[in-house]
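Start from the sequences, fold in the hints, and give me the full structure.
Chains A and B, in that order, give the protein sequences. Going by numbering that gives the first Met the number 0, the residue at position 288 of the first sequence is 287; the numbering climbs one at a time, nothing skipped. Going by numbering that gives the first Met the number 0, the residue at position 366 of the second sequence is 365; the numbering climbs one at a time, nothing skipped.
Worth flagging that the hints you see were computed from the coordinates, not collected in a lab. Be aware that one or more of the hints could be misleading.
[What the hints assert, rightly or not] DEER-style ranges, computed between Cβ atoms: (1) Val29/A <-> Gly92/B: 37 to 43 Å; (2) Pro91/A <-> Ala362/B: 27 to 33 Å; (3) Leu88/A <-> Pro78/B: 28 to 34 Å; (4) Glu175/B <-> Val166/A: 36 to 42 Å; (5) Asp375/B <-> Val166/A: 55 to 61 Å; (6) Lys72/B <-> Leu311/A: 58 to 64 Å; (7) Pro175/A <-> Glu354/B: 52 to 58 Å; (8) Leu44/A <-> Lys54/B: 45 to 51 Å.
[Said to hold, decoys possible] Computed from the model, here is a short list of chain B residues facing chain A with C-beta under 8 Å: (9) Asn198; (10) Ile217; (11) Asn401.
Glycine included, every Cβ here is placed at the ideal spot set by N, Cα and C.
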Amino acid sequence: MAATATMPGSAEKTAAPGRPRQAKNFKQRVLTPYAMLAPGIVLFLLFMAAPIIYTLVLSFQQKKVSGLGLGKGAQSTVFAGFDNYVRSLTDPEFGASVLRVLTYGAILIPLMLGFALLFALLLDSRRTRAGSFSRTAIFLPYAVPAVISSLLWGFLYLPGVSPFHFVADKLGIALPSLLNPDLIIFAIANIALWGGVGFNMIVMYTSLKAVPQEIYEAAKLDGASEIQTALRIKIPIIAPSVVMTALFSMIATLQVFAEPTTLRPLANSLSTSWSPLMLVYRDAFTRNDVYSAAATSIVIALATFAISFLFLRVVQKRAFGQEN
Amino acid sequence: MRRSFRAGAVAMIAAAALLTAGCSTGSGTGSAEQNTDPNQKVELTYWAWAPNLDKVVDLWNEKNPNIHVTVNKQDGGDPAITKLLTAVNAGSGAPDLIQAEYQKIPTLVAADALVDLADTEAKETKDNFPEGVWNSVTLGGEALYAVPQDTGPMAFYYRADIFEGLGLAVPTTWDEYAAAAKTIHDADPEAYLGTFSSNDAGWFTGMAQQAGASWWGIDGDAWSVKIAEEPTEKVAGYWGGLVEQGTIDNKPMYTPEWNAALNSGKQVGWLSAAWAPGVLAGNAGATAGKWKVAPMPQWDAAKPATGNWGGSSTAVTTQSKNVAAAAKFATWLNTSPEAVDALVKVSNIYPADTEGAKTALTAAPEFFSNQPDFYDVIGKAAQNVGSFNYGPNVNVAFNAYNDQFAKAAQAKSRSAFLEAVDSMQQVTVEDLKKTGFTVK
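Okay, here's the thing in structure tokens:
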């Protein structure tokens with residue numbers, strides 16, 4: 000990963016030395032690369048930087064009305080200072096939603112990465128049969144949009160229409176409804192697990208495929224079993240990609256939105272502020288208060304950044320240590 | 000996992016686009032410069048979501064070559080309003096006309112999105128509509144913000160075959176309704192006479208309206224919020240009691256489970272509105288001919304009342320350059336016999352126009368072909384709809400309803416229902432105060 004990222008830069012470096020410094024070289028050395036970067040820079044400014052700056056601006060404003068607030072000129076936008084941030088950070092609903100996604104992540108991420116790693120190792124083992132079929136089958140749920148998979152699982156969860164509940168009823172077993180408030184977090188985690196294992200498995204499997212075969216042969220000559228090879232050789236070698244998938248999974252967990260939003264109308268156990276992003280959506284589009292939503296978005300973005308950074312700091316040395 | 004990340008990203012980009020659109024907020028408020036030449040050909044755009052409305056508008060276009068109306072089909076009430084508010088903030092991009100639900104009107108007026116039609120011919124339509132409906136497009140004042148189009152007077156739908164099988168009479172009061180609910184649930188523990196749905200704030204509003212509630216009010220120069228008062232508390236306590244006893248279901252409406260229960264006869268009744276036949280035919284088609292409609296159960300049998308669930312109006316936006324022409328079209332669409340007739344037959348709405356409803360609605364809907372007097376029942380109900388005032392933050396109150404009553408329905412306790420009413424009141428008042436509205 001790191002090697003591919005530095006490729007373009009190193010290519011330029013090798014091209015530049017040894018050439019006479021002339022006026023026409025200015026064009027080659029400076030203008031050409033910038034011209035080539037221009038589309039990227041423009042797109043970045045337009046679709047990343049500008050919205051972020053605008054969100055920042057909004058987060059320091061608020062709507063003010065006077066009296067009844069009806070008709071022309073009754074509403075205006077005023078500078079709010081840190082009001083929106085203070086409200087966002089002291090909002091008990093926000094705190095509760097953060098706590099919920101942290102619990103959700105604690106349930107989901109170990110399970111998802113565990114299954115992904117297990118499947119990747121199984122597929123990579125020498126004794127695997129029907130490898131490409133299994134790989135596709137495990138990966139396929141990833142191709143189903145989250146809204147569709149949530150609807151699908153929603154049908155399976157609803158006791159009145161679920162085939163699981165139907166069969167359990169016939170057998171005289173009383174299944175608890177996964178849509179109950181105590182279990183709903185597992186119901187949502189299950190949907191994300193179903194959709195996410197395949198993607199993470201492919202990432203790990205791909206990096207397993209990049210391991211030189213000689214290492215395995217050496218291990219085999221030393222008398223290592225399949226399990227020993229997996230635990231002592233394969234997992235340490237692909238540790239960097241496990242770390243990357245963990246990081247992406249953490250970010251995605253903090254941003255969980257589609258699954259709870261789709262399940263919400265089916266039961267009484269999900270509020271419209273269940274996850275932080277749902278809270279942002281509700282403030283912006285249900286309550287027409289983009290200013291509070293902007294402030295909460297900034298808080299979420301900063302927190303995500305901080306968590307990712309900390310996580311990388313903690314695990315980077317161990318995971319990437321042997322690469323450098 | 001990455002998909003939810005992508006969904007989040009899409010939402011953020013959409014939000015960003017919306018915000019960027021809002022960038023040019025500023026002086027773009029107030030009425031657009033008016034086109035005054037009467038002979039000039041006028042093009043009007045109309046954002047609406049009622050089914051087949053374009054076919055009704057075709058009738059107008061045939062007869063009025065100088066005022067051409069183009070219907071721009073919308074996804075529904077909420078997205079259309081969000082889009083309109085964005086366009087109003089941006090200063091351009093709004094249509095001439097918009098289909099606006101009654102509860103959205105104060106929000107739109109507060110955002111200066113609607114033109115006052117008091118000086119146009121739309122003002123002459125006052126006598127066409129029931130007083131309660133007219134009140135919701137004037138906000139009780141001198142201005143006129145929209146022409147009423149359809150309403151949803153509430154009524155009680157029930158499975159006549161199951162009632163007959165149990166020897167039950169149709170409940171005329173809420174006490175009788177509670178007794179019937181108990182009989183039905185005792186006879187079949189999986190069957191319920193109805194469900195308390197935390198998803199449908201409009202439904203609960205209609206029931207509170209029947210009990211005499213009006214959640215917002217204008218008191219001089221201040222708004223008043225009257226959610227946590229006797230009528231609403233009475234309704235919430237009543238339903239909380241039934242849910243606590245377990246004789247009424249606590250699951251939301253409009254779920255696959257609810258559809259299945261309607262089909263299998265496990266949901267024996269539905270407190271709904273004039274538009275219910277369409278929903279029942281779509282969700283429980285196999286039960287056609289087994290349902291009947293009756294007036295809502297009453298709190299006071301001597302003073303029959305009902306609420307309103309749903310309904311919308313035709314409003315003219317502040318960005319329209321042809322307010323007079325737009326008002327003329329809105330008047331025709333909602334009060335002329337030919338248009339109302341077409342709205343009923345092609346768009347399947349229940350018209351707000353009293354005379355139009357009488358003449359256009361004669362035969363019962365196909366789903367209720369077993370009950371020839373279907374529209375007599377509905378028509379009488381429509382006369383009993385009381386006034387109900389909405390405020391500028393209905394969205395906040397409805398959202399609070401969703402969250403608070405979901406908790407209460409899950410808790411299955413009467414006291415939780417009453418607490419939910421208090422929370423709704425508190426959230427609604429706090430939101431008004433936070434924004435700077437004067438609240439009494």
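Hints, verified against the model:
The hinted window of 37 to 43 Å between valine 29/A and glycine 92/B holds, with their beta carbons roughly 42 Å apart. In this structure, proline 91/A and alanine 362/B break the distance hint of 27 to 33 Å, their C-beta atoms being roughly 55 Å apart. Range check, leucine 88/A to proline 78/B: about 31 Å between beta-carbon atoms, so the 28 to 34 Å window is met. Take glutamate 175/B and valine 166/A: their Cβ atoms lie about 39 Å apart, and the range 36 to 42 Å holds.
For aspartate 375/B paired with valine 166/A, a C-beta distance near 47 Å fails the hint of 55 to 61 Å. Separated by about 48 Å at the C-beta atoms, lysine 72/B and leucine 311/A break the suggested range of 58 to 64 Å. A beta carbon spacing of about 56 Å between proline 175/A and glutamate 354/B agrees with the range 52 to 58 Å that was offered as a hint. Restraint check, leucine 44/A to lysine 54/B: a C-beta distance of roughly 47 Å satisfies the suggested window 45 to 51 Å.
With a cut of 8 Å, the hint placing asparagine 198/B at the interface with chain A holds, because the nearest CB-to-CB distance is about 5 Å. A cut of 8 Å between beta carbons decides the hint on isoleucine 217/B: the least distance to chain A is about 6 Å, and the hint holds. A distance limit of 8 Å between C-beta atoms decides the matter here; for asparagine 401/B the minimum to chain A is near 6 Å, and the interface restraint holds.
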